[in-house]
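Student: Residue-level listing of the chains:
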Amino acid sequence: MRAGEYRRIRVLERKREAEDTESIYFEDPLCSAASPGQFVMVWLPGIDEFPMSLSRIGGVSSITALRKGKGTEALLTAEDISIRGPFGNGFSPSAGKKVLIAGGIGMASLLPLVAEGDHVFLGARSAEYLPFVDEIAGRCAHLRTATDDGSMGFKGNVVDLFISARPEGHVYSCGPMGMLKTLHEHKIKAEASLESYMKCAIGICDSCTINGFIVCREGPVVRDLDRIFG
Amino acid sequence: MLGVELCGIRLDSPLISASGILDERAESMLRLLEAGASAVTTKSIGSGERKGNDNPVIAETECGLLNGMGLPNPGIDAFAREMEIMRNRRPDGVIIGSIFASEADGFAALARRMEDYGSSAIELNLSCPNARGFGDEVGSDPDTVLEITREVKRVTDIPVFVKLTPNVRSIVDLAKACEEGGADGIAAINTVRGMKIDVESFQPILSCRIGGMSGPAIKPIGIRCVYEITGEVDLPVIGIGGVLCGNDVVEYIMAGASAVGVGSGIHYRGLKIFEDIKREMLEFLERKELRLDDIVGIAHRR
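Chains F and L supply the protein sequences, listed in that same order. In case it helps, numbering that gives the first Met the number 0 puts the first sequence at residues 0 to 229. In case it helps, numbering that gives the first Met the number 0 puts the second sequence at residues 0 to 301.
Everything labelled a hint here was simulated from the structure, so no lab data went into it. A couple of the hints might just be wrong.
To be clear about the criterion: a stretch of chain L counts as covered by chain F if any three or more of its residues have a C-beta under 8 angstroms from a C-beta of chain F, and this derived list gives those stretches [what the hints assert, rightly or not]:
| no. | stretch |
| --- | --- |
| 1 | 27 to 38 |
| 2 | 52 to 61 |
| 3 | 195 to 204 |
| 4 | 258 to 267 |
Don't be surprised by glycine CBs; every beta carbon is placed ideally from N, CA and C.
Sequences are here, hints too, so could you generate the full structure?
Tutor: Here is the structure:
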């Protein structure tokens with residue numbers, strides 16, 4: 000089986016992660032061997048095909064979607080889905096402690112990295128939109144949250160929360176472009192997983208390219224934010 | 000060693016990047032030039048923005064890629080930005096502006112704009128197989144090809160290449176129409192109509208169902224078309240279809256091509272394909288103790 004070929008996958012289990020946010024679990028040998036940060040193309044015949052990061056990688060893997068259109072709506076109610084992948088380059092391994100900075104659903108691609116001793120900074124508009132909170136807290140002691148309305152943790156921006164604490168460690172991030180741009184403006188050295196509209200997902204069609212960086216093939220993780228915002 | 004001349008344009012190698020691959024944004028086209036493409040063909044640009052077909056638009060097969068992109072592009076107005084960046088960053092870069100329309104006037108208007116933007120040449124997309132009302136739906140009839148070519152030639156001063164479809168009974172008839180219409184050259188071939196069905200879900204994979212094959216599967220078809228065209232028509236031909244290695248380029252040149260387009264090969268070998276192929280070609284020429292000129296169209300004389 001090659002990554003470029005579609006597999007028909009049975010949805011084994013669903014889990015609510017936050018408001019409008021759900022994971023679906025499935026078994027797929029290629030995904031079991033994926034690296035954190037890699038993504039699959041999820042195809043719902045007759046509806047759409049779109050990229051999703053793997054939120055859990057193992058004998059049973061998962062993807063996690065925020066409901067925001069007919070594609071994700073169909074994904075979260077499907078009994079079977081077709082996937083190809085995993086594609087792209089994930090996060091680089093780190094021997095030491097990691098610092099993870101996530102905006103909302105961006106936490107999905109960082110979740111496979113979370114280990115004891117790591118620091119996780121997780122932001123969302125309000126408490127009910129913070130995904131994976133119990134799971135992260137169960138794996139590491141240093142989870143700090145930021146919400147726009149102050150309903151859980153720091154009131155304000157997750158980047159400001161990180162800057163106020165500034166723990167040691169290799170920084171990994173995923174979230175809206177605005178958040179990544181803020182990290183870059185503060186000259187924070189961070190790897191980041193990028194989100195971009197994708198068509199071919201195999202590095203030829205130029206629809207996902209940002210500033211000459213081919214997100215589907217060379218990313219989705221960029222090692223240096225200068226490559227995107229420089 | 001590998002330099003060629005194409006309609007008065009000096010190219011430092013025969014390796015042109017084919018239309019449709021990493022060529023919608025200036026930053027990507029700059030990377031193609033940096034990677035060693037001697038010229039870049041742009042994404043096919045139409046009069047207005049087009050989203051293209053819904054996903055999926057690509058299917059990998061055991062022998063090549065099947066695509067049904069459906070001519071997504073920003074439109075000729077917005078494309079000014081990309082061409083301006085190209086002019087500023089690489090004033091020496093050779094850009095072939097690919098355009099598509101449904102009739103002669105539309106092609107002529109787009110060609111004028113591409114010339115104004117600083118294109119070195121124009122490529123008329125008369126061969127895309129996956130967009131309703133465009134491409135090979137327009138370009139399969141020799142009379143229409145003649146009319147469009149003639150009208151574009153009337154309004155532009157830069158070389159005009161016509162990219163032809165192999166999905167016809169006689170590609171030579173189309174090539175003769177290009178010649179009669181005053182074309183400066185021909186690009187052949189565009190993708191070959193194909194289809195793939197996902198047996199697990201019983202679904203055609205491409206949202207447009209039928210798309211175009213590229214890659215290794217179509218190289219023998221491309222070689223045959225270039226051979227047939229150059230046997231009958233006295234125009235330079237850019238050979239396109241399944242160029243992955245140095246020997247593929249050599250084969251196209253032996254069939255009569257003056258240059259080649261590299262497209263899906265970028266998927267198979269990455270952007271380094273341009274430098275890899277140049278090295279492989281040099282190794283071939285050295286081993287055979289030949290120059291590139293010695294082998295152009297040599298298959299016609301055997």
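Student: Decide, hint by hint, whether the structure agrees.
Tutor: Now the hints, each set against the structure:
| no. | hint | result |
| --- | --- | --- |
| 1 | 27 to 38 | holds (count 3) |
| 2 | 52 to 61 | holds (count 6) |
| 3 | 195 to 204 | holds (count 5) |
| 4 | 258 to 267 | holds (count 4) |
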